[in-house]
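S.K.: Chains as they are written, first to last, in the numbering used here: chain A, 5 to 462; chain B, 5 to 462.
Errors might be hidden in some of the hints.
Since the list gives no way to pick one copy over another, a pair counts as held whenever it fits inside one copy or between any two copies.
[As the list claims (entries may be wrong)] Cross-link-like lysine-lysine pairs, in silico, DSSO-like; alpha carbons within 27 Å at most:
no. : residue 1 : residue 2
1   : Lys26     : Lys15
2   : Lys140    : Lys15
3   : Lys382    : Lys139
4   : Lys450    : Lys139
5   : Lys449    : Lys382
6   : Lys140    : Lys382
7   : Lys287    : Lys449
8   : Lys359    : Lys450
9   : Lys366    : Lys139
10  : Lys15     : Lys407
11  : Lys366    : Lys26
12  : Lys286    : Lys382
13  : Lys359    : Lys382
14  : Lys140    : Lys286
15  : Lys15     : Lys287
16  : Lys12     : Lys407
17  : Lys12     : Lys26
18  : Lys140    : Lys407
19  : Lys287    : Lys139
20  : Lys449    : Lys286
21  : Lys140    : Lys450
22  : Lys286    : Lys450
23  : Lys139    : Lys449
In case anyone wonders, no lab produced these hints; they're calculated from the structure.
Number of protein chains: 2
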Amino acid sequence: MAKKSDPKQTKYLLPESEIPTKWVNIAADLPGEPLPPLSPQTGEPLGPEDLAPLFAMALIEQEVSAEPEIEIPEEVRDAYRLWRPTPLIRARRLEQALDTPAHIYFKYEGVSPAGSHKPNTAVPQAFYNAQQGIKKLATETGAGQWGSSLSFACQMFGLECEVFMVGVSYDQKPYRRAMMETWGATVHRSPSDLTEAGRSQAEHSTGSLGIAISEAVEVAAQSDDTNYALGSVLSHVCLHQTVIGEEAIAQLEMAGEYPDVVIGCVGGGSNFAGIAFPLLRKKLKEGLDTRFVAVEPAACPTLTQGTYAYDFGDTVGMTPMMPMYTLGHDFVPPPVHAGGLRYHGDAPILCALVKEGLIDAKAIPQTEAFESAVQFAKAEGIIPAPEPTHAIRAVIEEAEAAKAEGDERVILFNLCGHGHLDLAAYQAFLSGELEDLEFSEEDMKKALESLPDAPAVA
Amino acid sequence: MAKKSDPKQTKYLLPESEIPTKWVNIAADLPGEPLPPLSPQTGEPLGPEDLAPLFAMALIEQEVSAEPEIEIPEEVRDAYRLWRPTPLIRARRLEQALDTPAHIYFKYEGVSPAGSHKPNTAVPQAFYNAQQGIKKLATETGAGQWGSSLSFACQMFGLECEVFMVGVSYDQKPYRRAMMETWGATVHRSPSDLTEAGRSQAEHSTGSLGIAISEAVEVAAQSDDTNYALGSVLSHVCLHQTVIGEEAIAQLEMAGEYPDVVIGCVGGGSNFAGIAFPLLRKKLKEGLDTRFVAVEPAACPTLTQGTYAYDFGDTVGMTPMMPMYTLGHDFVPPPVHAGGLRYHGDAPILCALVKEGLIDAKAIPQTEAFESAVQFAKAEGIIPAPEPTHAIRAVIEEAEAAKAEGDERVILFNLCGHGHLDLAAYQAFLSGELEDLEFSEEDMKKALESLPDAPAVA
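Next comes chain A alone, as it looks inside the complex (with noise of 0.2 Å):
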């Protein structure tokens, strides 16, 4: 394409024409056969059937799939058109700031509606529902990330949506609570009422998300025409957010480069998986040098000091056993504000990469995140969601390692969301009352104790 080239273009944005037809299954890149989930009651492993009275039989087949690429729906498509495809920026002032030579591009995901990557799932989880009849999905949130974006999607597809909310975050953070009800939820406190598991926990006031889990699935196997949606964690989910590393590639030969670093958070894994997996399969396709790190918050260091074995993905041992890295789940993570990260496991699909030596893992703490934060929002204007400013402080380091290497590197980072609802957040840190909160090792080794009993997969 003869274009004249803009030296200063800071945005590279694609037509809707151009939002991805397949999703990236990078499942067939791995050697070998995955290792399948087993039941939390038997400890054999669980076939697509165990889990049909909780999701669509499509989500299923897409979470043990190991076709290459997945074909999008073409009302998925048209969903997407309302966000999607989203912009390629060039931090240029924020390059000018550090006095770097590095070129540090960041795809963002806070233009979406719920302003963050979430409705990337959110979206074909309800439709493939819709498809098969379901009425209504039912689903956990804590901070509300995840609620507001399936609360939209459900709207979409003219869903039911019903939302358990951790008690803790039902009373302090109202207004997402107001947003999930904008788009025509139901939210819930949990530990409610509702469910055999609310009442049996109703001790536990502030709730858990654990509890909360419990509430949703428990509604979703009640009845026929409900069905369970989860936001992060499972293969099905890391696949539908492939769409912001499919979009990327296409917008970095807009810009006529290509990274040699791609960074992301890690809380489940999803907006991780989702910039890095196309990105990993054309490295592993064409044996390019491409480096990518997974970015997780000190207080919970999953893939840096977990253990990789078979755990249960909930606090509580209700759902299946999922070979990854692990704290334990028991480990019960600091409060720390990025609440999307605080997990005590990874997506099995995630953990499986990290242990193959193909992504590389990095704790950092809070406070020097938040710092980060600031310097990128007073340079680039947008105030990131606490979560990926674990993303940015990694980002800051690289782009001050090429300058202390005289290295014109370039620098790929996912802007997951914006911090517009999470300001309380950087009000505790511009006033010096965010802490490191410390990572208890004694409380993992503890928490590793209660490790199930299942096949060691090392």
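We have chain A already, so just place chain B on it with the hints.
M.R.: The following block gives chain B in isolation, referenced to the frame of chain A:
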């Protein structure tokens, strides 16, 4: 351009090279000389030199310019690159929900870092002041939209920013304050003990916009290297906002359509001016039929029930007297959620156009506005700020009229900001606690008695 048309296209995007190079000065299209502002002390017409203690000379020249177009400095266009051109979006899902033959387009200004159209003028105001060697801008803010935009803009050009925030907002909206501080501003609760004006009003502990203006003006007047900045009402502010309408014209061309009606909400008038003035010039030049509708809250109906007269811009009578529709500067609008629309007057340039019959005005009660905003959010995803909910109500009424008349009407409106920091208003609406606050004709009549002694303008 031979281009494959996309029958489902939702977003019309322009490249950065299409960021406008000139602002549209509608003053050049009005017949006769504009009425001058008058001194609050002497009642005599004010010249540019009278405004020099508060404003940069380049801005004063724009305020009184009769040139039809004013060039946008390259540094301002470079700063605009962070979020401009903003998308023009076709609200196809809202059209479907309304089952209307109307085509509804909106310009979405919520993509700016501060989340509204305000940075369009904050950026050039900061630029011209920095260019003149000014070191600091002082301003007031109510709900925080303007204060956050100016904080961001000052950061971009290395200026300090001092914001006097109305006391009750300072207490109730800590998150807007966190936003301003993240961008490096100093925020004071007003009334403060930093100024004579503040100390004299110490008994009004909740503050008011009038007091905050007085504090900011005092700070700016006291120091040679500090100036004052205003976020609406003045002609140079309306001028800067015309990038919205200029981009819209180019984007409508991409869509192959031209609006029959252009709609925006009006508080001080600048977001409406921004979308309307370029299309109004086109109408006047080309003899088009386009209608223009300015929408205000029924609780503060300046254009529909006010008197056209000289009045002070502030409540305490310190600013110049301006010719405008006014409810009287003593009028205290009820505390509707659209804080940005609570103003006793309107931009003189806009009022002159309403007076000429070139722009229609309409008043909408806030419960109807929020009802329509929820309908919009369910269809389009975006949750609007409280101010443009009023425009959305008027848009839906137009679309319903189009349906009744079987008319394929093209509607364009300005969605001037998102509501992420205003979800309390949605919470109030959804819980049935939002009320339509009465406009008091009694209070207006009393306030109009306080109109300053000045020449009649009818």
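S.K.: Report the numbers of all earlier hints that the structure fails to satisfy, in ascending order.
M.R.: 2, 4, 5, 7, 9, 11, 12, 13, 14, 18, 19, 20, 21, 22, 23
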